[in-house]
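Listed in order, the protein sequences are those of chains A and B. Sequential numbering from 0 applies to the first sequence in numbering that gives the first Met the number 0. Sequential numbering from 0 applies to the second sequence in numbering that gives the first Met the number 0.
Certain hints may be false.
Stated by the list, open to error - The list that follows gives simulated cross-link-like pairs (lysine-lysine, DSBU-like), each with its CA atoms no further than 30 Å apart: (1) A/220 / A/231; (2) B/210 / A/203; (3) A/76 / B/101; (4) A/41 / B/101; (5) B/210 / A/227.
Because the hints were derived from the structure by calculation, they are not lab data.
Read off the chains here:
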Amino acid sequence: MKKIILGAVVAMFAATGAIADTIRLGTEGAYEPWNFVNDAGKLDGFEIELGNELCKRASLTCEWVKNDWDSIIPNLKSGNYDAIIAGMSITEERQKVIDFTSEYYPADPSAFVGLAGASAAATNGVVAAQTATIQAGYVASSSATLVEFATPDETIAAVRNGEADAVLADRGYLQPIVEESNGQLVFVGDSVQIGGGVGMGMRKSDGALRAKLDAAIASVKSDGTLNKMIAKWFGADAPKF
Amino acid sequence: MFSFCADPATIDGFVWFTCYVTTGKHMAFYLSFGVVLVLLALAAPAALLFGFAGALACRSRLVVVRVLGQGYITMVRGIPDIAFFLFVPVALDQAFEFLRHKMLCGDMTGSVWRGNEFLVCDAAKLPLGSSPQWVHEFYGFMLALLAFAVVFGAFAGNTLRGAMRAVPEPQLQAAAAFGMTRRQVFWRVLLPQMWVYALPGLSNLWMILVKATPLLFLLGVEDVVYWARELGGSKTSAHSYPHDDWRLWYFLALLVFYLAITWFSERFFAKLMTRFSYGQATLGSLEVTR
Chain A
0 MKKIILGAVV
10 AMFAATGAIA
20 DTIRLGTEGA
30 YEPWNFVNDA
40 GKLDGFEIEL
50 GNELCKRASL
60 TCEWVKNDWD
70 SIIPNLKSGN
80 YDAIIAGMSI
90 TEERQKVIDF
100 TSEYYPADPS
110 AFVGLAGASA
120 AATNGVVAAQ
130 TATIQAGYVA
140 SSSATLVEFA
150 TPDETIAAVR
160 NGEADAVLAD
170 RGYLQPIVEE
180 SNGQLVFVGD
190 SVQIGGGVGM
200 GMRKSDGALR
210 AKLDAAIASV
220 KSDGTLNKMI
230 AKWFGADAPK
240 F
Chain B
0 MFSFCADPAT
10 IDGFVWFTCY
20 VTTGKHMAFY
30 LSFGVVLVLL
40 ALAAPAALLF
50 GFAGALACRS
60 RLVVVRVLGQ
70 GYITMVRGIP
80 DIAFFLFVPV
90 ALDQAFEFLR
100 HKMLCGDMTG
110 SVWRGNEFLV
120 CDAAKLPLGS
130 SPQWVHEFYG
140 FMLALLAFAV
150 VFGAFAGNTL
160 RGAMRAVPEP
170 QLQAAAAFGM
180 TRRQVFWRVL
190 LPQMWVYALP
200 GLSNLWMILV
210 KATPLLFLLG
220 VEDVVYWARE
230 LGGSKTSAHS
240 YPHDDWRLWY
250 FLALLVFYLA
260 ITWFSERFFA
270 KLMTRFSYGQ
280 ATLGSLEVTR
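All chains, full assembly: derive it from the sequences and hints.
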């Protein structure tokens with residue numbers, strides 16, 4: 000018995016193995032069409048396709064990790080994964096804690112969505128947004144009342160059941176939902192431009208990896224692959240580079 | 000899974016439903032029920048072990064051991080569970096990586112805690128960055144299991160400590176009169192008789208443990224609550240099986256699952272109580288021996 004315990008302790012400390020050039024990419028998995036879990040149970044979406052392509056161009060092996068949005072930055076800092084690729088907009092507040100690569104999606108306007116028949120006044124009432132997003136910050140500093148939810152589809156559900164008058168989120172996320180709602184959900188009010196483009200989040204100490212990924216992003220931009228991917232996942236009239 | 004599910008857009012009604020509940024995602028959902036049951040099967044004995052160690056420590060003649068035992072039981076019972084469930088996995092993970100860092104990363108200078116980042120060299124990460132995702136998920140599950148064992152062990156320890164004190168003193172004195180050592184008295188007389196007093200508290204603790212399994216979800220483990228929320232949320236046509244908000248139905252299924260566990264547990268503990276009541280000086284034993 001003692002030998003087993005001792006052996007286990009030694010094994011735990013001795014396990015090193017070959018460290019290949021593997022990086023772990025953290026994503027949320029609940030934000031269609033950026034990143035979601037498809038019906039086969041695998042991660043899928045624009046960012047998964049882009050991430051795999053970037054890793055190929057940077058000659059890295061990529062492991063995908065799913066992590067809830069709330070703890071995505073703290074878990075990056077404690078080393079659970081090496082980069083965040085989850086539709087995270089580049090903002091000054093986030094720049095204070097992590098570094099970003101160059102953007103791989105242009106700044107998306109954020110739009111309000113309400114139930115059919117809602118007027119533009121809904122944008123000043125109770126507005127739902129996901130916690131820790133730029134949209135939540137925008138609503139909090141406006142005259143509207145903010146209601147926060149942990150995942151994006153809970154914000155839509157809140158509008159549907161009347162808990163909130165409107166939801167504020169990226170237009171790219173709301174577009175397919177509005178189109179497929181059979182007229183139940185409509186865009187209300189004007190779009191607002193909040194935050195910068197979308198980039199990959201990295202630890203501040205990981206400058207070498209950031210340089211590699213920046214080079215890969217520049218490469219997919221220059222040969223048009225990125226624009227093709229954006230058109231595939233977001234439609235022909237999505238903002239492009 | 001079936002050949003007629005190849006193109007979901009062309010089917011509807013019951014066939015669509017059959018294909019829907021047999022997608023890969025739903026298979027992961029069904030598997031997560033197994034994950035919950037495995038957690039219960041492992042956490043209960045682990046918590047009992049921790050509790051036993053705590054209760055034994057409280058009975059020790061050495062002051063240091065006694066203080067440790069009492070401190071463990073009191074502190075863990077007194078501090079909110081959620082603080083332990085969030086703290087223990089993170090703290091243990093960092094502790095292991097720190098130890099490995101000390102042993103394996105001789106060339107890295109500076110502290111591992113830099114600003115708000117925790118950095119160890121690649122060789123010291125546990126599990127390694129190059130390990131497949133399932134190793135990471137297994138490791139996360141094990142840390143969660145340890146957190147459960149630590150928290151519920153304190154409650155079990157308190158129950159066991161009380162049960163040990165409840166065994167009638169004459170029994171122990173008679174055993175000592177026969178010439179048994181302290182150790183023999185404990186293992187042969189105290190322990191078998193303690194169970195009838197411990198069981199009500201332990202069965203209560205088991206039910207609380209069953210109720211607490213969704214906390215796995217907080218720790219990022221893909222348990223039943225995670226999949227119910229994920230599958231239930233309304234889906235656009237980016238998915239092969241778009242649907243409205245069906246979370247109510249999924250959570251109803253979870254309700255049925257947990258009620259089933261409760262029902263089987265109640266029956267099991269009733270049988271156990273009967274068995275332990277034989278020959279005991281309790282009211283319950285009268286009903287048993289008749």
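Right, here's what the structure says about each hint:
Taken as a hint, the residue 220 of chain A and residue 231 of chain A pair is honoured in the structure, with Cα atoms around 15 Å apart against an allowance of 30 Å. Restraint check: the Cα-Cα separation between residue 210 of chain B and residue 203 of chain A comes to about 40 Å, which exceeds 30 Å; the hinted pair is violated. At roughly 20 Å between alpha-carbon atoms, residue 76 of chain A and residue 101 of chain B fall within 30 Å of each other, so this suggested pair holds. Annotation: proposed proximity of residue 41 of chain A to residue 101 of chain B is violated, straight-line Cα distance about 37 Å (limit 30 Å).
Simply put, residue 210 of chain B and residue 227 of chain A have alpha-carbon atoms about 48 Å apart, too far for the 30 Å limit, and the pair is violated.
Hints 2, 4 and 5 from the earlier list are contradicted by this structure; the remaining hints agree with it.
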